[in-house]
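Protein chains: 2
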Amino acid sequence: MVDVSSNGPWLDDAEQKSWRSYLLMKRTLETHLERHLQREFGLSGSDFEILVNLSESEAGRMRAFELSRSTQWEKSRLSHHLTRMEKRGLIRKEACDSRYPEIVITEEGLAAIKECAPAHAARVREFFVDVFGPERFAILGEVSDEVVGTIGKHCEDDCPLEARS
Amino acid sequence: MVDVSSNGPWLDDAEQKSWRSYLLMKRTLETHLERHLQREFGLSGSDFEILVNLSESEAGRMRAFELSRSTQWEKSRLSHHLTRMEKRGLIRKEACDSRYPEIVITEEGLAAIKECAPAHAARVREFFVDVFGPERFAILGEVSDEVVGTIGKHCEDDCPLEARS
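So the sequence lines, in the order shown, correspond to chains A and B. Converting from the first sequence to the working numbering requires adding 802 to each position, the first position being numbered 1. Converting from the second sequence to the working numbering requires adding 802 to each position, the first position being numbered 1.
To be clear, the hints were calculated from the coordinates, so they are not data collected in a lab. Careful: at least some of the hints might be erroneous.
All copies of an identical chain are treated as equivalent in the list; a pair is satisfied when it fits inside any one copy or across any two copies.
Stated by the list, open to error - Below 25 Å or equal to it, Euclidean Cα-Cα: the simulated BS3-like pairs (lysine-lysine) are:
1) LYS916 <-> LYS889
2) LYS889 <-> LYS828
3) LYS895 <-> LYS828
4) LYS819 <-> LYS916
5) LYS916 <-> LYS895
6) LYS955 <-> LYS877
7) LYS877 <-> LYS895
8) LYS819 <-> LYS955
9) LYS955 <-> LYS916
Turn these sequences into a full structure, and let the hints guide you.
The following block contains the structure:
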């Protein structure tokens, strides 16, 4: 009904096709990786993301605002999700002198991420990295940095901190 | 704490770097586009996705299962979101003889998508398409199709229909 390719700032047909292909790929990969984590390890994509962040931090602990910045989640989404993860024993919150608690990965959380990480990495390799191949994958990395830089330069208010120039 | 690059199916350092760059880009672009839609037009990314699907359908109407397939959302997420959009007058549900209602875009929904689409397309162009440039963007489109095809070939159960071979 709405012709989104006829005038104005629209993408031309070839661009539109590539953009749609990208959107479908992004979603298909996400869905595939998340369903695999859920089915095989009982972890959601959100659980995985929090556990990866914490497990890679210096001491297995981060302030909530740091997690919020690095996941780019809204505060309320992060807060609700951390509460659910705490109930499941994957993380715990430790009060400290700031108004932001420290979020600490538990032994159980650490075991969970260690268990699923190799299988997850294998899927990323098989279905994404190896399909690109070295040359095209390196290009993707380069352009990705350029996109993040471009967005960061053009918007100061609505960008995640990492993307600001 | 967890070294995810030392052995097993892990990505090597260069691959890991590109993968992280891709993840940050994907999230930064999504966040940027969604905040722009929300701020300027009062639409969430999910609203936009539903409206685009409906507005591009033949008669501005789709069955819920078709929307579910094309958005790849879980049934419950789709159902809740459609209820919210109906309350805001952007869509309406029409009973039909199947157990799935038809979802119809309203005049108001059509006006909303027509109003925001040019500005959205301009952002996609400025912050994504033009940063890639024609050659690299064409490559992205090609590889995206290959990734979707590869996932579709390897998994029959947990893939969206579009991605199945």
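Index of numbered hints that the structure contradicts, given in increasing order: 2, 3, 9
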